[in-house]
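Once you've looked at the hints, dock chain B against the given chain A.
There are 2 protein chains.
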Amino acid sequence: MDDLVQRFLNGERRALARIISRVENETPEGREYLRALFPHSGKTHTIGITGGAGSGKSTLTGALAAEYRRRGKTVGIAAVDPSSPFTHGAILGDRIRMQDLALDPGVFVRSMAGRGALGGLAPAIDEVVSIMDAFGFDYVVIETVGAGQDEVEIAGTALTTILVNNPGTGDDIQALKAGIIEIADILVVNKADHPGADVLVSQLQALLSLAPKGSRRPPILKTTATRGEGMDALADAIAAHRVELETTGQLEKHRAEDARHQVLSIARAILLEKIRQATPEHELQALVDRVAARQLDPHSAAEELAAAVEQSEPRAIKRRV
Amino acid sequence: MDDLVQRFLNGERRALARIISRVENETPEGREYLRALFPHSGKTHTIGITGGAGSGKSTLTGALAAEYRRRGKTVGIAAVDPSSPFTHGAILGDRIRMQDLALDPGVFVRSMAGRGALGGLAPAIDEVVSIMDAFGFDYVVIETVGAGQDEVEIAGTALTTILVNNPGTGDDIQALKAGIIEIADILVVNKADHPGADVLVSQLQALLSLAPKGSRRPPILKTTATRGEGMDALADAIAAHRVELETTGQLEKHRAEDARHQVLSIARAILLEKIRQATPEHELQALVDRVAARQLDPHSAAEELAAAVEQSEPRAIKRRV
Chain A
1 MDDLVQRFLN
11 GERRALARII
21 SRVENETPEG
31 REYLRALFPH
41 SGKTHTIGIT
51 GGAGSGKSTL
61 TGALAAEYRR
71 RGKTVGIAAV
81 DPSSPFTHGA
91 ILGDRIRMQD
101 LALDPGVFVR
111 SMAGRGALGG
121 LAPAIDEVVS
131 IMDAFGFDYV
141 VIETVGAGQD
151 EVEIAGTALT
161 TILVNNPGTG
171 DDIQALKAGI
181 IEIADILVVN
191 KADHPGADVL
201 VSQLQALLSL
211 APKGSRRPPI
221 LKTTATRGEG
231 MDALADAIAA
241 HRVELETTGQ
251 LEKHRAEDAR
261 HQVLSIARAI
271 LLEKIRQATP
281 EHELQALVDR
291 VAARQLDPHS
301 AAEELAAAVE
311 QSEPRAIKRR
321 V
Chain B
1 MDDLVQRFLN
11 GERRALARII
21 SRVENETPEG
31 REYLRALFPH
41 SGKTHTIGIT
51 GGAGSGKSTL
61 TGALAAEYRR
71 RGKTVGIAAV
81 DPSSPFTHGA
91 ILGDRIRMQD
101 LALDPGVFVR
111 SMAGRGALGG
121 LAPAIDEVVS
131 IMDAFGFDYV
141 VIETVGAGQD
151 EVEIAGTALT
161 TILVNNPGTG
171 DDIQALKAGI
181 IEIADILVVN
191 KADHPGADVL
201 VSQLQALLSL
211 APKGSRRPPI
221 LKTTATRGEG
231 MDALADAIAA
241 HRVELETTGQ
251 LEKHRAEDAR
261 HQVLSIARAI
271 LLEKIRQATP
281 EHELQALVDR
291 VAARQLDPHS
301 AAEELAAAVE
311 QSEPRAIKRR
321 V
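Quick mapping for you: the protein sequence lines, in order, are chains A and B. Residue numbers for the first sequence follow my numbering, beginning at 1 and rising by one. Residue numbers for the second sequence follow my numbering, beginning at 1 and rising by one.
Just chain A, with the same shape it has in the complex:
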């Protein structure tokens, strides 16, 4: 293990890839790597890119990475979306080709497996980001799909959250109204060459003008990611947001909230695992059958499971004696 950590700290990409796999699989060994490398993290700037299917966020992610490379910066990309072109090594656009990025030693792409059965981002996403962070990438970009919970979670993980909007369907505004706009630090209208782009920009401006006085107004940028247009301004806006986070104390606050969220969510996963350990499968099934038959309500059943966890430790000690 020490050897792999050493090679990781020397900047060896194969060591990075292997450690990420172990962390992602949530093995005890993976946790040891995380423990060893976590103190090296905390320096990268994490960027979340989110938006509906077809908004062009994968292309935008690739184009932004290319822009950072032009600026001499290194980039880790975690694509949390099974349909992301990153997963398939697809050609992204006219000017940005996945192959170019994949061959660039300053870019590391990792697509993440789907989510756990009980919801949320891929469970290991925070941990994979921490590992990329520890490896020393200047930026780590997390790309995720969809309007919903994922977007809220990505905002918890990423320092700068970019919401990509797609002109053409005025309907997008509905999703924005739903409060998702509140999590965006930067709004991007991609496909700026689309005839509806300016209308969408106006709609977004009108929407932002309704925000309470004193609240932050995220900048609205137009991009055409397939041609790499607008990437310079986007990278500048991200840099400006970073400065804003630092000068307002938001950076510290964000890190503290992210740490709290991570710790509680892992603790919950540990306890769920303990439930499974404390109650043998046939007992769990018997309980579930009674609920399915409406003889027992789910809450009472859950209380039985939770109580078993609390009693499992003394039981285990007894067995050892």
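Incorrect hints may appear among the rest.
Stated by the list, open to error - In silico contact screen, one side only, chain B against chain A (beta carbon under 8 Å); selected entries:
no., residue
1, Phe38
2, Ser41
3, Gly52
4, Pro219
5, Ile220
6, Ala259
7, Pro298
8, His299
9, Ser300
10, Val309
These are calculated hints, taken from the structure and not from any lab test. Virtual Cβ for every residue (Gly too), placed ideally from N, Cα, C.
Here is chain B on its own, set in the frame of chain A:
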């Protein structure tokens, strides 16, 4: 409490509304109501309606409810979407007006508050659906937004899941490819009057033809919800799906899986609450601060919290002595 339960069982809508509020707020009292009423549930057919923002699923929900009323059936609607017109009592379409539904004693509409901080559908959604079920509605429709986790969860809760697709953006196909199509029991192409509707139907058919042999092919229906068109066929398709569930044994399987999911997810919430009780806020904050400062990794911190839960019960006894 007994009086309110009695009025509920007598079919009094105000008793239903009050009990739902208590259940939704997750008070101990709410749990008692759930315990008392859960044995009366299990008879309704639950329908999940999901789709992207602007796909017209709210209008479809209203139009389907109107169709069921024409058939002499009662309908409970749980709208899990802060942007849903149900939340605002908005006019839904040319032929379906929210006001008509709201005044109909055979329809009960409830919009649900946002999700908990740690993800998933509104935590009480299953419980609210159980209460509506116990009240005796023939159908309970759950409407939710977005491509992502919500859709997967709604498929766990609802017996029939309807995925609403929106012609015009060929991009929608991306979301479908992402596996979301797998959770749909019925595919609806809404806005059938849109010029792109037939193209979308063909694309969906092509996509379904790629499914492994022997796997279920969800029917594809065209609707124009604003004019109530296609609702008769949709209600028939739902009825056919119900028969299919019953004859293949899927109904029992679904109920068992739903019960397991509910029990485990409540148990997890109980344990999270125990974490908060076992570790005073200042200790939790100290732990989180060490993680934010990268002195401690999140997993080790979480293990400390989980261990405190297991030790909290004996400690409490000691204190009492």
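Results for each hint:
Checking B/Phe38 against chain A by beta carbon gives a least distance of about 4 Å; that is within 8 Å, so the hint holds. A distance limit of 8 Å between C-beta atoms decides the matter here; for B/Ser41 the minimum to chain A is near 6 Å, and the interface restraint holds. Proximity of B/Gly52 to chain A holds as hinted, the smallest CB-CB distance being about 6 Å (cut-off 8 Å). About 23 Å separates the beta-carbon of B/Pro219 from the nearest beta-carbon of chain A, more than 8 Å, and the hint is not met.
Interface restraint check: B/Ile220 against chain A, minimum CB-CB distance 19 Å, threshold 8 Å, status violated. The beta carbon of B/Ala259 is positioned within 8 Å of a beta carbon in chain A (closest approach about 4 Å), and the interface hint is therefore held. Annotation: interface hint on B/Pro298 holds; nearest CB of chain A at approximately 4 Å, less than 8 Å. A least Cβ separation of about 5 Å between B/His299 and chain A falls short of the 8 Å threshold, and the interface hint therefore holds.
Given hint, B/Ser300 at the interface with chain A, holds; its Cβ is 6 Å from that chain's nearest Cβ, closer than 8 Å. With a cut of 8 Å, the hint placing B/Val309 at the interface with chain A holds, because the nearest CB-to-CB distance is about 7 Å.
In this structure, the earlier hints numbered 4 and 5 are contradicted, and the remaining ones agree with it.
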